[in-house]
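The chain contents come next:
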Amino acid sequence: MAQEDGSIHWSNKSGEKGINDLVIRIATPNGSGSASANTLLYKSIFRMGIPVSAKNIFPSNIQGLPTWFEVRANGDGHTARSPQVDVLAAMNPRTMKDDFAAVNPDGYFLYDSTRPLPQDLIREDINVVPVPLTDISVEAFPDPKVRILMKNITYVGALAALLNIDLEVIRVLLVETYGKKQHLIDANLHAVNLAHQWVRDNTPCPLPIHLEPIDATEEHILIDGNTAAALGCLYAGATVAGWYPITPATSIIDAFHHLCDQYRKEPGTEKNRVCIVQAEDEMAAVGIALGAGWNGARAFTPTSGPGLSLMAEFIGFGYHAEIPFVVFDVQRAGPSTGMPTRTQQADIMTAAYASHGDTKHIVLFPSDPEECFYFSVAAFDLAERFQTPVLVLSDLDIGVNQWMCPTLEWDDSYRPDRGKVLGREELEQMKAFYRYVDTDGDGICYRTVPGVHPKGAFFTRGTSHNQYGQYSERGEDYVENIDRIRRKVYRARTHVPPPITRTQDRTSTFGVLSVGGCDLAVREGLERLAEEGFPLDYMRIRAFPFGPEVEKFIATHSHVIVVEQNRDAQLRSLLILETQAGKDKLSSVLNYGGMPLDAESVVDGIRERLSQRGMYELYTETQNPSPQIIGK
Amino acid sequence: MSSTPKPKIRHPKSSENSLRLSLRDYEGAMSTLCAGCGHDSVTAAIIRAAFELEIPPHRVAKMSGIGCSSKTPTYFLGAAHGINAIHGRMPSVATGANAANRDLYYIGVSGDGDSLSIGLGQFAHVIRRNLNMLYILDNNGVYGLTKGQFSASADPGSKLKKGEENPFEAIDPVLVAFAVGATFVARSFSGDKDQLVPLLKAGLQHQGLAFIDVISPCVTFNDHETSTKSYLRTRENVHEIVHTDYITPAGEIVANYEPGTARTVTLHDGSRVVLRKIDEDYDPGDPIRAQTVIRERRRDGEILTGLLYINEDAPDMHGLMKTVDDPLVDVPYEKLHPGSGGLKKIQRALR
Chain A
5 MAQEDGSIHW
15 SNKSGEKGIN
25 DLVIRIATPN
35 GSGSASANTL
45 LYKSIFRMGI
55 PVSAKNIFPS
65 NIQGLPTWFE
75 VRANGDGHTA
85 RSPQVDVLAA
95 MNPRTMKDDF
105 AAVNPDGYFL
115 YDSTRPLPQD
125 LIREDINVVP
135 VPLTDISVEA
145 FPDPKVRILM
155 KNITYVGALA
165 ALLNIDLEVI
175 RVLLVETYGK
185 KQHLIDANLH
195 AVNLAHQWVR
205 DNTPCPLPIH
215 LEPIDATEEH
225 ILIDGNTAAA
235 LGCLYAGATV
245 AGWYPITPAT
255 SIIDAFHHLC
265 DQYRKEPGTE
275 KNRVCIVQAE
285 DEMAAVGIAL
295 GAGWNGARAF
305 TPTSGPGLSL
315 MAEFIGFGYH
325 AEIPFVVFDV
335 QRAGPSTGMP
345 TRTQQADIMT
355 AAYASHGDTK
365 HIVLFPSDPE
375 ECFYFSVAAF
385 DLAERFQTPV
395 LVLSDLDIGV
405 NQWMCPTLEW
415 DDSYRPDRGK
425 VLGREELEQM
435 KAFYRYVDTD
445 GDGICYRTVP
455 GVHPKGAFFT
465 RGTSHNQYGQ
475 YSERGEDYVE
485 NIDRIRRKVY
495 RARTHVPPPI
505 TRTQDRTSTF
515 GVLSVGGCDL
525 AVREGLERLA
535 EEGFPLDYMR
545 IRAFPFGPEV
555 EKFIATHSHV
565 IVVEQNRDAQ
575 LRSLLILETQ
585 AGKDKLSSVL
595 NYGGMPLDAE
605 SVVDGIRERL
615 SQRGMYELYT
625 ETQNPSPQII
635 GK
Chain B
35 MSSTPKPKIR
45 HPKSSENSLR
55 LSLRDYEGAM
65 STLCAGCGHD
75 SVTAAIIRAA
85 FELEIPPHRV
95 AKMSGIGCSS
105 KTPTYFLGAA
115 HGINAIHGRM
125 PSVATGANAA
135 NRDLYYIGVS
145 GDGDSLSIGL
155 GQFAHVIRRN
165 LNMLYILDNN
175 GVYGLTKGQF
185 SASADPGSKL
195 KKGEENPFEA
205 IDPVLVAFAV
215 GATFVARSFS
225 GDKDQLVPLL
235 KAGLQHQGLA
245 FIDVISPCVT
255 FNDHETSTKS
265 YLRTRENVHE
275 IVHTDYITPA
285 GEIVANYEPG
295 TARTVTLHDG
305 SRVVLRKIDE
315 DYDPGDPIRA
325 QTVIRERRRD
335 GEILTGLLYI
345 NEDAPDMHGL
355 MKTVDDPLVD
365 VPYEKLHPGS
375 GGLKKIQRAL
385 R
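Chains A and B are the protein sequences, given in the same order. Everything in the first sequence is counted per the numbering used here, starting at 5 for the first residue and increasing by one. Everything in the second sequence is counted per the numbering used here, starting at 35 for the first residue and increasing by one.
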């Protein structure tokens, strides 16, 4: 804070918190071109070896509405979203009042002091950092067009000075980004340096909370889940995609397109070894995937909640007629249009039982971009192995935000699992082929692809059919077939990615179950609870149908808290429906306001659940907890 | 009730094509449609066209949606794969199937309910994509399977059996096809096999989407006096405006056409269609004029038939999307990804 003598001393009562543990929030108007500045910021932190995540909190709007960009740097690797804002760069006058209020006590509020701070913005408990960013960019860039572009870069320079970000790292990143466009490199560097110098000359640097280079990002990458899923589609050998634009799933196709432009061109002709069809709606998008799957290609469609609702009929058709294809659902907040730019896990039930009639689908739940990559490959294998649609449920936070993940690995010996598909020679040898005869007794029948052999022909239909593939309304035929399909999909429970369990050294009576994008926050929260003396076993479910491990986890804990991101506790409901677990055994911690789950909410939620219904007493008897929880 | 296979009995005198297949080899299961249904005549014409074109039946994929017409793929080409998709969505399934394997023949059979109401969007968009397929619309003005409700192609003033009158404008699929850039537009009548078979053959060989609207009366629900799509009314009102002869690649044009009345179009496989103008005011090479004439005559109650428009030079979906010449299902997996080395390279940009 500015003292009476004009010198500045930062108030930092938080003591230890400071080095490589901070959250930066940048407030900008949407469409103001802050993306490259923000990328520069989080990538430079990553290059300093500090684990980082970057989240774009954006509106459903092209230009003008407020946007926030959050960067969390954490030396211990905790990169779930944290609502505790340590440094706020206020670049949007319209939200300045709220932004001012959002800063953590002892935090820092950086604003463009070319204009004075509104007089009503007064807080004793935070540090205000004035930097005349507009003045700096006016001085540096007389051309107003260039100035608008460069103004955002100046806050990177200011933050670099305040937080001790290595200018050389920034320089290298700019060179890599702009390559041969030297004038852009120079202009960006100029903007960064000017702001950096101004802050160093006028403000004590670095702040007490700042960054120091460490070595915790080796063998890691920064990637968003949609790009990773697209990479998975490339490596799985998907050749047909049907799609319809929808936030936040479209970037799967953007990335897939981009990858195919590089890796799916036939040498010599430059023709495409892929067919990506923009459909007229989501029903057509999934119809395209289904048609291609029926015809022997690996095919997929990416969508989000509203699209999934529209696709339900085709998904049921694929289930009943046993046609493989993959649906990516990058979940957003529903119902209806909901909050298209906010995250949720509210499609769990819809996905598991998509379509009318008795249906149950294989659903995979990646928790981060790394799993988006591996699970998308697995999804195609499972779809073909089990001859059924497979849904991959990611979410907006995973899909479009930047996550630090271990470098993706590829095993060159991988070959697609095409499942039981009869080829020309096999059909030639056969006396007759019938599509739905369960020859192997595993519920998975042999299928054929059009055009291969006359003997392979059959009529694919969504109407009920007997094992010979003929239309039939006989109850016995119907029951035999629909029961076999149930057995088949149930069998997948031991072939899907198994859940990941973290058990404590001493047996914990209570367990925590979670799914997908909750993982980082749950792990961070459980770590804190363990430090407080409350170690809890944790299982992250990665697929439906649930494997035997899930059943066992619930059975071996006296109570299980299910953490998920929707209002109606959909995972808990699915567990009650699909396992032996009794209702009373499962309670919920829910986050559904649209912001990604954070560790504070997990800790608070679990404490509350433990305290409710006298459970904490039971807990104290068995776990000998630390005193601060007792009586809470 | 299950479908009944048709016994394969070959008449000793029945001829074979070069694949040593007889007409019977192009048949399917027994039809379960009403006796006299126009759709069965369309089925017979498809069988005849495929037989004469000597298409290996298993190289055909039969696509349909839901409705009486959509049931018909079971009744032809029993040795071909078929898919009875969901209501109104056959075009998207056909799009995906064709995307995966461009080398098959695709025959889509739909109806006025399937294509003009629930499926109007998919109908329009598959034409827009110029998907290489034959799209037959069996058009009878009613929903048959749900027992006789008006469809979107019912003419204003047309009456249901019980007297209810349709107040709404009819959607003419031919005009829709023109509006969204169709490259092959035809109309025919299920009762006119001589016209329908050459049209189907031309449609099967057309590179792109060949749309044929076939007026195919519903004997049970829409063949009464006050119906505008009855056999009688259709026979009275159809007027062939372009006569179409289909000539195989090796065949010779034997008919004599008066100078200035006929136009020959060479199809993708080297076969040809000769379009002979019947009326002076109609030019099947001029889509703008053609639409006006169709509209004018329609106002006067006339149903113009024949190959109303063809453009053989437009690229189909694969041409538009520049996909490889081989079917995508035949591209070896090794050529679909850059391996572990490629993944390392891709990830260099992600640090």
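Quick caveat, the hints were computed from the structure, so don't treat them as lab data. Among these hints, one or two may not hold up.
[Said to hold, decoys possible] Lysine to any residue pairs mimicking SDA-like chemistry, simulated, CA-CA at most 20 Å apart:
(1) A:269 - B:372
(2) A:424 - B:364
(3) A:269 - B:355
(4) A:435 - B:355
[As the list claims (entries may be wrong)] Reference listing, derived: stretches of chain A covered by chain B, where coverage requires no fewer than 3 residues with Cβ under 8 Å from a Cβ of chain B:
(5) 276–285
(6) 451–460
By construction, the Cβ of each residue, glycine as well, lies at the ideal position given by its N, Cα and C atoms.
Hint check results:
1. A:269 - B:372: holds, 11 Å
2. A:424 - B:364: holds, 17 Å
3. A:269 - B:355: holds, 12 Å
4. A:435 - B:355: Given pair residue 435 (chain A), residue 355 (chain B) is violated - Cα atoms ~40 Å apart, limit 20 Å.
5. 276–285: With 9 residues in contact (Cβ-Cβ under 8 Å with chain B), the coverage given for the segment 276–285 of chain A holds.
6. 451–460: holds (count 8)
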